[in-house]
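Each chain is listed here by its residues.
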Amino acid sequence: MTTPKTLYDKIWDAHVAHEADDGTCLLYIDRHLVHEVTSPQAFEGLRMSGRGVRAPNKTIAVPDHNVPTTIDREGGIDNEESRIQVEALDKNAREFGVHYYPVSDIRQGIVHIVGPEQGWTLPGMTVVCGDSHTATHGAFGALAHGIGTSEVEHVLATQTLIQKKSKNMKVEIKGKLRSGVTAKDITLSVIGATGTAGGTGYVIEYCGEAIRDLSMEGRMTVCNMAIEGGARAGLIAPDEKTFEYCKGRPHAPKGAAWEQAEEYWKTLFTDESAYFDKVIEINGEDIAPVVTWGTSPEDVLPITEIVPAPENFQGGKIEAVKRSLDYMGLTAGQKLTDIQIDTVFIGSCTNGRIEDLRAAAKILEGKKVKDGLRAMVVPGSGLVRAQAEEEGLADIFKQAGFEWRLAGCSMCLAMNPDQLSEGERCASTSNRNFEGRQGYKGRTHLVSPAMAAAAAVTGHLTDVREMI
Amino acid sequence: MQKFEKFSGIAAPMPLVNIDTDMIIPKQFLKTIKRSGLGVNAFAEMRYNSDGSEVEDFVLNKTAYRESSILIAGDNFGCGSSREHAPWALSDFGIKVVVSTSFADIFFNNCFKNGMLPIILPAEQVEILMNDSKKGSNARIEVDLEAQTITSSDGDIFSFEVDPFKKHCLLNGLDDIGLTMEKSSNIEAFERKLEIEQPWL
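Order-wise, the sequence lines are chains Y and R.
Residue 3 is where the first sequence starts when you use the numbering used here, and the numbers rise one by one after that.
Residue 2 is where the second sequence starts when you use the numbering used here, and the numbers rise one by one after that.
Hints were generated in silico from the structure; no laboratory data involved.
Where a beta carbon is used, it is the ideal one built from N, C-alpha and C, also for glycine.
Hints are not guaranteed to be accurate.
[Said to hold, decoys possible] If we take Cβ atoms under 10 angstroms as the criterion, some of the chain Y residues that face chain R in the derived model are: (1) THR5; (2) ALA16; (3) ASP24; (4) LEU28; (5) ARG33; (6) ALA90; (7) HIS135; (8) VAL154; (9) GLN161; (10) GLY201; (11) ALA233; (12) SER298; (13) TYR442.
Please work from the sequences and hints to get the whole structure.
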C-alpha cells in the first residue's frame, strides 16, 4: 500500500524535476504570471547575462499595480515612474515573446483575476508570480505562491524554482455559514485565529462543508489571503464547480484533451488518513461578519465587538496594539459600529470579481452613499467590468453614488493615484491594513464587499445583517 | 553576488512585531526599474516626517545606529508583500543580517538571493541580543556563517540553523540561476515527460 498523500504532496511530487541529497528540489513551474512592478529587474538580469525566457508560452504578463483606473486613462499615465514601469513591461513582453494583455486590452486586469478568467490557471498546476497574492490560484487546486524578483528571473530563465517542501496544514470550516457571512469573513476569521505567522512554513489546505459550498470566486477570496496568515500557499481540492468554471475558457483544454485533463484532476484530493502537521477546525456557524480594527490582518473581530485594549494582549503584541490604535485613531472600548468612515473601496484581487460586485450591489440597490463619503468600485478586470455593466450592477453602483472605474489594483496598494490622504478612514475589500498601505497615514478597515456596501450607506462600520 | 564573510557590526533594536514589507519599503519606491539606491528610503514612513525631515527617535536616525549592519527584530519580520525591494533597501542601507524569532517565508527567501542572512533564534536569545543592541555602537555583534554562530558583545555565543544549500551559496557568492542551468538536462527530461502525461499544459 502506498503512503496516503495530501493534495499538496500530490502536486509537489508531480513537479519535482530534480532532488538533491539534502532535499533541495527543482520544482517545475507550469504558469508564470508577470506584472510591471516586480519584473523589470528580472528581465534586465536576463538581458545582462544573455539569457532568454525558457517557456514564453507559459508566461503571461499584464500591467495592473500602476495603471490609472480613471476613464480617461487612454490618454496615458501622468506619473513618469509609473509610466516607465508599464512601458518597460510592454517592451519586455514583446521582446521576450510572452503572452501579454496591455492596458488597452479589455482582458487587462489584476493578474490574479486575469489568470483564472482566461483559463491559464488550471487544477494541479504550479503557478508563481512576483506577487504575494498568487495564493489566489490555489482555489483551483493549483500550488500557487508569490516569489521575489530574483526568483522571477530564475523562473524566466529555467522554468523552475529551487525549493524545499513546506509542511501540511489543514483548515477545516465545518457545517454551513450563517446569513450575511462570506468567504472574506472566513479567511479573515482564520487569520484572526491563527495570527499572521500561524501559517509560516506551511501550505494550507482549506476544506469542509462551508468551503465546498463556496463558489469559485469565494474560494479565490479564501486562498488569496492565505499569505496574510503567513502560509506559503492555500489550496482547495478541485471538484465539479472547479471543472465547470474552467471549461470553455480561452486557454483551458478542449475536446479529448479536456477529457484527459479532467480525469487527472479528479485524482487531486487528499487521501483518507493523509498526515497533516497542523489542523485547525472552525465551525462555520461560529463565523460572524468581521472587520479589522488594527494595522495587521490578524487584528480581526466580529462587527458586534468593541475595539480591544492593548492589555488584552501578550508579549510584543502589546506595544504593537498601542501603536495600531494610535495610528488608527481609535480608543479601546469603542464600539466597532461607531467607527465613522470617509471612504469605501470595493475591488482588488481579494474581492474584485463578479460575485463580489453582485454582493455589494445587492446591498446598494435603491440606496445612496452617505453624504460626503467617497466611494469607488474598481472591477478586477475589463471583462468583470463588462459583465457587471451587462448585469446592470454598474448602474446600481453609479446610482448609489459610487465611482465606476476601470480595472487595476488601485487603492489596494495605492501605487496609482487612487490613495487615501492623511487620516482618511476607509472600509476596504482589499487584503492589507498595514500602516500606509492605502496611502500615507491612511486608515484601513478590511471587510467583505457586502459589509463595504453597508458602510457606504450608513457612513460607519455596519453589521450587514441589519440590511439583508 | 558578494561572498558572505564573517564580520562584526552594530546591531539596531527593532522590537516591534510584524514589521511588514510595506514598512520596510513603502510602495511609492517600488516604481523603480533598478535594484540599487533604495537604502535612503528604507523604513521611509517611520524614518522621515512628511516634510522630509528625520524622525528623531527612529532607531536608524540615532547617531549610534546610523552605521548598523544588523537588525534585531520582533516576531514575524518581513510579512506581507513579496517585494524584493525590501531586502534591496535593507542591503543598500548596509544591513547584512536580520535576527528574529520568525520571518515571513518570501522575505526570508529573498534575503538569501541578495547576500543577506536572516537568522532565526529562540525568543530568549533574541531578547539577549535585543538588550545587547540597545547599548549602542559600542556593542558590536559578531556573525560567523561558516561556524553558524552569532556572538553578543558580552561574549554569549548562540548557534543558528541554516539550510546547507543556502549557506553554500552565501559563503561562495553563487548565482542560483547558473547552478540550475547546470541541471538543464533534468529540466528537459521533465518537460518531455510532461508533454506526454499532461499534453494540455
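Taking the earlier hints as the rules, which of them does this structure contradict?
Per hint list: single violation, 1.
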